[in-house]
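Asks: Got two chains here, each in a separate frame; can you build the complex from them with the hints?
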Amino acid sequence: GENVEQHPSTLSVQEGDSAVIKCTYSDSASNYFPWYKQELGKRPQLIIDIRSNVGEKKDQRIAVTLNKTAKHFSLHITETQPEDSAVYFCAASIEGTYKYIFGTGTRLKVLA
Amino acid sequence: EPEVTQTPSHQVTQMGQEVILRCVPISNHLYFYWYRQILGQKVEFLVSFYNNEISEKSEIFDDQFSVERPDGSNFTLKIRSTKLEDSAMYFCASKPRDRGNTIYFGEGSWLTVV
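Line by line, the protein sequences are chains A and B. To convert, count from 1 in the first sequence and add 627; that's our numbering. To convert, count from 1 in the second sequence and add 24; that's our numbering.
The shape of chain B in the complex, shown without the other chains (with noise of 0.2 Å):
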């Protein structure tokens, strides 16, 4: 069963330092997201992306945060001047367009901000 893959699984940044965490949706899904995790809180919504462009985006994503899919295939998150309460899981997500509703997590990136 195909599944959303994310690079690095965990990444450890000096803070003020600049990450970009790498996904690559299943294949012909058409949506795509970022939530994350702060450890042991509830998983957040960040953006959603879909035609090359952001359809929507939380009030956590500010302009630390951008979003890209450079290619067919990966979809980036970078975080400019990373900070302390960065640190959490990243999750990748994406949905097909003929399912609903239904999206699928990737396995996530721990992001330690040091």
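Same shape as in the complex, but just chain A (with noise of 0.2 Å):
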């Protein structure tokens, strides 16, 4: 089955810095790839997706790249604020199916 890694566990960097946080998956008929963003005690919201079917997404300061080759995708967060610090998980699914298998998470602290 599908397996999910992520990369690094935990991430501080300065406000105003950009973070980057990265997946790989193992099955190549994956083709739809959320990121979650999880604050402590809360539910995990989605923040981004990408499907297969292109290689960059933006949204603001964030963006997602895939590299369906290689498989693997990243998380990019340009011009941090102390208020993107949570906990982020990635997570891989074969659209049509019905379950995402996620990543084990990335605790994100900016530092003012």
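By construction, these hints were calculated from the structure, which means they are not laboratory data. As the structure is a computational prediction, the values presented were derived from the model and not from experiment. The C-beta atom is built at its ideal place from N, Cα and C for all residues, glycine as well. A few of these clues could be false.
[As the list claims (entries may be wrong)] A short, non-exhaustive set of chain A residues, derived as facing chain B with CB atoms under 7 Å:
(1) 632
(2) 656
(3) 659
(4) 698
(5) 720
Replies: Here you go:
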């Protein structure tokens, strides 16, 4: 079955700097890759997603890139702010199936 | 904006007892899910439910677990004879038919088995 690896497990950046979180997946049939942000004790919230027919997607300070050949995808946050501090999870799914496989999470700390 | 709602937000139960976690998915959604997250770990898929039956389940979802949609709005997860290792946050999620693979999570039910 699908396996998703996520790195790093923790990441500390200075406010205003960029943060990059990387994930790799094992099942080449996976074609939908969402990213979730989870604040302490809260539900995971979708922040951006990408489908395998595109290589990059951007939404304001957040972007996701996908390399299908290498089976990895990355989350890029620019101009980080303290409120970006949270745990970020990547996930992989086959569109039309019913489940996500999540990565192990990255705890991002933005230092003011 | 409509949200998935879950009750209870927190439940403490004795080992061996049965618990029922309740969810009200977003009203026009057709696919329903339970995920769990053990403290400090990743979110894990348990089960998906569509058209009044289980679509897929993980190896975690053994005979101890069951799901039900008893009426047109609720979606429940029952855990029989709870074990200490069932302590986790349980998230319900739902998905509309026409929005690709985006699923929407509830706030979670924190289960503590003592």
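Asks: Give a verdict on every hint.
Replies: Against the structure, the hints come out as follows:
{"no.": "1", "hint": "632", "result": "violated (11 Å)"}
{"no.": "2", "hint": "656", "result": "violated (13 Å)"}
{"no.": "3", "hint": "659", "result": "holds (4 Å)"}
{"no.": "4", "hint": "698", "result": "violated (18 Å)"}
{"no.": "5", "hint": "720", "result": "holds (5 Å)"}
Figure legend: structure checked against the earlier numbered hints; hints not met, in rising order: 1, 2, 4.
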